[in-house]
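Here's the letter readout for the chains.
Protein chains: 2
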Amino acid sequence: MRRIKIVSTAKYLPRNKVTAAEIDKKIGEKEGWVANKSGVLVRHFASEDETSPVMGAIALKEALNKAGLKLEDLDAIISTSGTQAQEIPCTASLIQEQMGGQNSGIPCFDINSTCLSFVTGLDTISYMIDSGRYKRVALVASEVASVGLNYNEKESSALMGDGAAAVIIERTPEGEQSSIIGARMETYSSGAHFAEIRGGGTNIHPIRGQNVKEEDFYFNMNGPAVFKQASKLMLPFCERLFSEMDLNLKDVDLVIPHQASKMALKLVQKRLELSDERFMTYVENHGNTIAASIPMGIHNAIESKRMKRGDKVLLLGTSAGFSIMGLALQY
Amino acid sequence: MRRIKIVSTAKYLPRNKVTAAEIDKKIGEKEGWVANKSGVLVRHFASEDETSPVMGAIALKEALNKAGLKLEDLDAIISTSGTQAQEIPCTASLIQEQMGGQNSGIPCFDINSTCLSFVTGLDTISYMIDSGRYKRVALVASEVASVGLNYNEKESSALMGDGAAAVIIERTPEGEQSSIIGARMETYSSGAHFAEIRGGGTNIHPIRGQNVKEEDFYFNMNGPAVFKQASKLMLPFCERLFSEMDLNLKDVDLVIPHQASKMALKLVQKRLELSDERFMTYVENHGNTIAASIPMGIHNAIESKRMKRGDKVLLLGTSAGFSIMGLALQY
Chain A
0 MRRIKIVSTA KYLPRNKVTA AEIDKKIGEK EGWVANKSGV LVRHFASEDE
50 TSPVMGAIAL KEALNKAGLK LEDLDAIIST SGTQAQEIPC TASLIQEQMG
100 GQNSGIPCFD INSTCLSFVT GLDTISYMID SGRYKRVALV ASEVASVGLN
150 YNEKESSALM GDGAAAVIIE RTPEGEQSSI IGARMETYSS GAHFAEIRGG
200 GTNIHPIRGQ NVKEEDFYFN MNGPAVFKQA SKLMLPFCER LFSEMDLNLK
250 DVDLVIPHQA SKMALKLVQK RLELSDERFM TYVENHGNTI AASIPMGIHN
300 AIESKRMKRG DKVLLLGTSA GFSIMGLALQ Y
Chain B
0 MRRIKIVSTA KYLPRNKVTA AEIDKKIGEK EGWVANKSGV LVRHFASEDE
50 TSPVMGAIAL KEALNKAGLK LEDLDAIIST SGTQAQEIPC TASLIQEQMG
100 GQNSGIPCFD INSTCLSFVT GLDTISYMID SGRYKRVALV ASEVASVGLN
150 YNEKESSALM GDGAAAVIIE RTPEGEQSSI IGARMETYSS GAHFAEIRGG
200 GTNIHPIRGQ NVKEEDFYFN MNGPAVFKQA SKLMLPFCER LFSEMDLNLK
250 DVDLVIPHQA SKMALKLVQK RLELSDERFM TYVENHGNTI AASIPMGIHN
300 AIESKRMKRG DKVLLLGTSA GFSIMGLALQ Y
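From first to last, the protein sequence lines are chains A and B.
Position 233 of the first sequence, counting from 1, maps to 232 under numbering that gives the first Met the number 0, and the rest follow consecutively.
Position 206 of the second sequence, counting from 1, maps to 205 under numbering that gives the first Met the number 0, and the rest follow consecutively.
Hint data in this document are derived by calculation from the structure and do not stem from the laboratory.
Predicted model only: the values in this text are computed from it and were never measured.
Incorrect hints may have been included.
Copies of one chain are not kept apart here, so a pair can be met inside one copy or by any two copies together.
Straight line, CA to CA, 30 Å or less: simulated DSSO-like cross-link-like pairs of lysine-lysine [to be verified]:
no.: 1; residue 1: 16; residue 2: 304
no.: 2; residue 1: 227; residue 2: 153
no.: 3; residue 1: 212; residue 2: 65
no.: 4; residue 1: 249; residue 2: 212
no.: 5; residue 1: 311; residue 2: 134
no.: 6; residue 1: 231; residue 2: 69
no.: 7; residue 1: 60; residue 2: 307
no.: 8; residue 1: 29; residue 2: 265
no.: 9; residue 1: 134; residue 2: 69
no.: 10; residue 1: 231; residue 2: 134
no.: 11; residue 1: 269; residue 2: 307
no.: 12; residue 1: 227; residue 2: 69
no.: 13; residue 1: 227; residue 2: 65
no.: 14; residue 1: 36; residue 2: 60
no.: 15; residue 1: 231; residue 2: 269
no.: 16; residue 1: 269; residue 2: 69
no.: 17; residue 1: 212; residue 2: 25
no.: 18; residue 1: 65; residue 2: 25
no.: 19; residue 1: 36; residue 2: 265
no.: 20; residue 1: 153; residue 2: 261
no.: 21; residue 1: 65; residue 2: 311
no.: 22; residue 1: 249; residue 2: 231
Modelling step: build the complete structure from the supplied sequences, incorporating the hints.
What follows is the structure, given as structure tokens:
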């Protein structure tokens, strides 16, 4: 149990809305295929001026404003994005720059576990706050998934969306109950190549790499393999997660799952036997926004009053890697 | 103070040694320029089979062997590299795969603050270990800097080297004194573009990016600007760092600085008034190996008995971002 409180959240969705019908056309399917297959009716695609640091900074500014805080009130800015803006430096520095904090000295670094980066970041940084090292930290997930889509790969093209979310956390004041109850992460690299962008890092350099193919720089997903691995692990993983915590699944008020795909969401909801009331679904108008997905869900849940102070909430998801993770908190 | 003990270290240097004279030829300078300018007489460049996950796994296997540990004895594998192997997934998963841990479930994620990634990772993860969340964690920094060198930019081409280092940390057993005494990080994004690789992430996509230039995928460094920023910050930063800790600089037995360049090392040594005995220099036969530089120094210091149990050691460096960080530990 760590005395951590989410004090403010915000999200940013790019101006440009892209409908399922537009994606149908792009991938050469008849109208209705994308909506039916992915469940994503609308997603947002970033324009050239909406880079990931720009979107992250817009979300963070709004989160600060809502809480009546200034940039200088933050002890650290952590980018918990699954994609980087540049190979060097880390994205958090570029967000600090977009915030106008060039001379602030606020420590900036990135935590990355692809789609689970935000949950991993929240889990990891919570120990620094609970111990008193940092008082108040911003976690920012900002993603431009669209730039890496391979439209020859219909399934993933139907799914992904862009956007950013910011979450500000503090040590819980005396007399309040907000906390992180527990968390667990497991990584099975047997699935490391089920979802990947092979290029862009040092393995396949765009100019110096050997036998470089255009596809190496696009997202490549073996959907059925990911689904099979998630399907196999979901229940035993949740059993291990809850066995370590002073909490039962039946006492969780709301589950906010990574919005991987409509099919993945159905799998989780069915396996965990969750009613629609206890299960957040927002893939239909966001798409899968990589690591921004879960913090967008937290923001949506708070805004729509589905997540109230005192509620017990489970963040749950899988990511490329292959990793599976759950984190239970009292809001 | 966190009760953390470094229990084992290892490093891996690629087979292919590259002399200063060879770099002189590559950049069109007469023999002696590189040695004189950078102080790097020999560095190692990775061959095609020596990818960053491969090198990281070799170092980690050796660190485990030296400690009589198996992969399954690790509670987490953290990649603390400044470059990624692939854009997706995180490098730690790919290291787990190279270790043969595909079905181990050991949690894997990356922490990135460019050249300071290892120090940031050690600092951050120490709170998870001190609190009992994880018992034993491997931090692995593995870098292929050579693939991103721009040989038209002589100064950075003269500096960089490839390689990997692994450090295994545990909670300090009762009755022992090993600890992290304190740490401080500051980020000034006024210097975010002094050292960067602009491409490779979502900002400049190799195929879809607008007005993409070859140089966008190579390391670009404004050496004098970095030096000026580091020079200005070094002393006041160290004053802030030590003012927060129960330790004086004069009681530090050994400083292990990031081996950024010969000039940067001279600056740090002079500003902090450190004798050669208290200051590790190994840039001459390693080069600047990005985030692998400081953990290689820890390994070298232990192997050469310059760092003994009970010694107080300061890790200190700057990174692209621009960040400056110090971490004091008792070995």
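Hints and how they fare:
1. 16 with 304: within (25 Å within a copy, 61 Å between copies)
2. 227 with 153: within (19 Å within a copy, 50 Å between copies)
3. 212 with 65: neither (46 Å within a copy, 40 Å between copies)
4. 249 with 212: neither (49 Å within a copy, 55 Å between copies)
5. 311 with 134: both (23 Å within a copy, 27 Å between copies)
6. 231 with 69: between (45 Å within a copy, 26 Å between copies)
7. 60 with 307: within (23 Å within a copy, 47 Å between copies)
8. 29 with 265: For residue 29 and residue 265, only the intra-copy Cα distance (24 Å) is at most 30 Å; the inter-copy one is 66 Å.
9. 134 with 69: within (14 Å within a copy, 37 Å between copies)
10. 231 with 134: between (39 Å within a copy, 27 Å between copies)
11. 269 with 307: For residue 269 and residue 307, the Cα distance is within 30 Å only inside one copy (24 Å; across copies 56 Å).
12. 227 with 69: between (45 Å within a copy, 29 Å between copies)
13. 227 with 65: For residue 227 and residue 65, the Cα distance exceeds 30 Å both inside one copy (41 Å) and across copies (38 Å).
14. 36 with 60: Cα proximity of residue 36 and residue 60: none, with 36 Å in one copy and 44 Å across.
15. 231 with 269: within (13 Å within a copy, 59 Å between copies)
16. 269 with 69: Answer is neither: 43 Å inside a copy and 38 Å across each miss the 30 Å cutoff.
17. 212 with 25: both (21 Å within a copy, 27 Å between copies)
18. 65 with 25: Close neither inside one copy (39 Å) nor across copies (55 Å); limit 30 Å.
19. 36 with 265: Within one copy only: 13 Å inside, 61 Å across.
20. 153 with 261: within (15 Å within a copy, 52 Å between copies)
21. 65 with 311: within (23 Å within a copy, 44 Å between copies)
22. 249 with 231: Answer is within; shortest intra-copy Cα gap is 21 Å, inter-copy 57 Å.
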